[in-house]
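With the hints as extra help, turn the sequences into a complete structure.
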Amino acid sequence: MSKVNSATLRDSLSVSLTVGAYGVAFGAAAVANGFTVLQSCLLSLLTFSGASQFAVVGVLGAGGTALSGIATASLLGIRNGLYGVIMAPRLKVKGFKRIVAAQITIDESTGVALGQEVRSSEAMRQGFWLTGFGVFIFWNLFTLAGALGAQAMGDIRAWGLDSAVPAAFLGLVWPRLKTNSDRALAIGCAVFAVAMTPILPAGLPIIATAFIAIAVGVRR
Amino acid sequence: MNQYWVAVIGTSAIAFILKYSGHSVPEKWLSHPRIQKVNALIPIALLSALVAVQSFTEKSKLMVDHRLLGLSVAIIALLLKAPFPIVVISAAASSALLYNLNN
Numbered sequence: 007m008s009k010v011n012s013a014t015l016r017d018s019l020s021v022s023l024t025v026g027a028y029g030v031a032f033g034a035a036a037v038a039n040g041f042t043v044l045q046s047c048l049l050s051l052l053t054f055s056g057a058s059q060f061a062v063v064g065v066l067g068a069g070g071t072a073l074s075g076i077a078t079a080s081l082l083g084i085r086n087g088l089y090g091v092i093m094a095p096r097l098k099v100k101g102f103k104r105i106v107a108a109q110i111t112i113d114e115s116t117g118v119a120l121g122q123e124v125r126s127s128e129a130m131r132q133g134f135w136l137t138g139f140g141v142f143i144f145w146n147l148f149t150l151a152g153a154l155g156a157q158a159m160g161d162i163r164a165w166g167l168d169s170a171v172p173a174a175f176l177g178l179v180w181p182r183l184k185t186n187s188d189r190a191l192a193i194g195c196a197v198f199a200v201a202m203t204p205i206l207p208a209g210l211p212i213i214a215t216a217f218i219a220i221a222v223g224v225r226r
Numbered sequence: 003m004n005q006y007w008v009a010v011i012g013t014s015a016i017a018f019i020l021k022y023s024g025h026s027v028p029e030k031w032l033s034h035p036r037i038q039k040v041n042a043l044i045p046i047a048l049l050s051a052l053v054a055v056q057s058f059t060e061k062s063k064l065m066v067d068h069r070l071l072g073l074s075v076a077i078i079a080l081l082l083k084a085p086f087p088i089v090v091i092s093a094a095a096s097s098a099l100l101y102n103l104n105n
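If you read the sequences in order, they're chains A and B. Heads up, the first sequence is in the working numbering, so the first residue is 7 and it goes up one at a time. Heads up, the second sequence is in the working numbering, so the first residue is 3 and it goes up one at a time.
No lab work stands behind these hints: they were computed from the structure. Note that CB positions come from ideal geometry on N, CA and C, so glycine has one too. Take the hints with a grain of salt, since some may be wrong.
[Unchecked claim] Have a look at the derived ranges for each label pair, beta carbon to beta carbon:
#	chain 1	residue 1	chain 2	residue 2	range
1	B	A15	A	S20	28 to 34 Å
2	B	S23	A	V10	28 to 34 Å
3	B	A84	A	T185	19 to 25 Å
4	B	L81	A	M159	25 to 31 Å
5	B	N105	A	A190	34 to 40 Å
6	A	P204	B	N102	42 to 48 Å
7	A	K184	B	N102	21 to 27 Å
8	A	R182	B	L82	14 to 20 Å
9	B	V66	A	R189	19 to 25 Å
[Claimed, not checked] Pulled a few chain A residues facing chain B out of the computed Cβ check, cut under 10 Å:
#	residue
10	L19
11	G69
12	T71
13	A72
14	A107
15	L183
16	L206
Structure representation (structure tokens):
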């Protein structure tokens, strides 16, 4: 590997640290929703995809089954597959390196990599690896901190954790609401999920909204 | 093995399979604009549903409580373009304050 472009290094590190720090919110959310510290940390190490991790703890915390939690998380993980499609011809790696590249293929590594493409294809590859590893390290360290912190709290409602979790979800979805139809979809799905909660088994009202998204996406 | 372990292992296995298969399939398979469009909308639907269910339900019952204040503060913070940690902390602090006043 040739010398690392300093601007690429700066971009990668700043994204890694900022995003990694959200791991505190995840660790706390996981424990607040009934996961152990070990399970919270394993999710960050092995699943390593923020939205999917938040989703699975949210669904199980709401009383959903493992199956509906896995399904919801996996639907949110599809985009990582699409990032893989974008990154594979740019990284050109095989064997073990491809396995490592796949595990760190997330929003941030892909985003920073594509942002470096104007500099050089070498900077693009460096941006991917630096950001992927950087987020991985910080996300896991901060998950542990958040999980231990939440475990020490006792009644999570007295600390506002039961509101921190939906606020974190809202923070994740907010930047995606760019058009009025995106906002209408968001509000429609929120109302639908709450209205169906007393009727459908736990977890299903959430995953059912994916079908609303598919119906809207196919018609547009 | 309880539901939580099944969820941890299942979610992690599928997350990796999705990532790895992306690195392994031909690009043209997934570049259809409809697939891209649906893929952009699914997170909006699921995350919005999670926000609502976590804010307004409790064990399959509808419930409006201190979490409404937390969510409102989070929305205000986001409208003011506050960074993510401020959004989460301000929601938690306001919700905790109301909960502790009532209990």
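Against the structure, the hints:
1. Between A15 of chain B and S20 of chain A, the C-beta spacing of about 32 Å keeps the proposed range 28 to 34 Å intact.
2. At about 30 Å, the beta-carbon gap between S23 of chain B and V10 of chain A stays in the expected band of 28 to 34 Å.
3. Take A84 of chain B and T185 of chain A: their Cβ atoms lie about 22 Å apart, and the range 19 to 25 Å holds.
4. Separated by about 29 Å at the C-beta atoms, L81 of chain B and M159 of chain A satisfy the suggested range of 25 to 31 Å.
5. Under the hint 34 to 40 Å, the C-beta atoms of N105 of chain B and A190 of chain A, about 37 Å apart, fit the expected range.
6. Checked against the hint of 42 to 48 Å, the pair P204 of chain A and N102 of chain B fails, with Cβ atoms roughly 29 Å apart.
7. The given range of 21 to 27 Å is broken by K184 of chain A and N102 of chain B, whose C-beta atoms sit roughly 38 Å from each other.
8. Under the hint 14 to 20 Å, the C-beta atoms of R182 of chain A and L82 of chain B, about 19 Å apart, fit the expected range.
9. Checked against the given bound of 19 to 25 Å, the beta carbons of V66 of chain B and R189 of chain A, roughly 22 Å apart, stay inside it.
10. For the restraint placing L19 of chain A at the interface with chain B, the shortest Cβ-Cβ distance is roughly 17 Å, beyond the 10 Å limit, so the hint is violated.
11. Interface restraint check for G69 of chain A: the shortest CB-CB distance to chain B comes to about 6 Å, inside 10 Å, so the restraint holds.
12. Because the smallest distance between the Cβ of T71 of chain A and any Cβ of chain B comes to about 6 Å, under 10 Å, the interface hint for this residue holds.
13. Given hint, A72 of chain A at the interface with chain B, holds; its Cβ is 4 Å from that chain's nearest Cβ, closer than 10 Å.
14. Of the supplied interface hints, the one on A107 of chain A holds, with its beta-carbon coming within about 6 Å of a beta-carbon of chain B, less than 10 Å.
15. Contact between L183 of chain A and chain B, as hinted, is supported at the beta carbon level, the nearest pair being about 7 Å apart and thus within 10 Å.
16. Evaluation of the L206 of chain A hint against chain B yields a held restraint, the C-beta minimum of about 9 Å falling below 10 Å.
When held up to the earlier numbered hints, the structure conflicts with 6, 7, 10 and fits the remainder.
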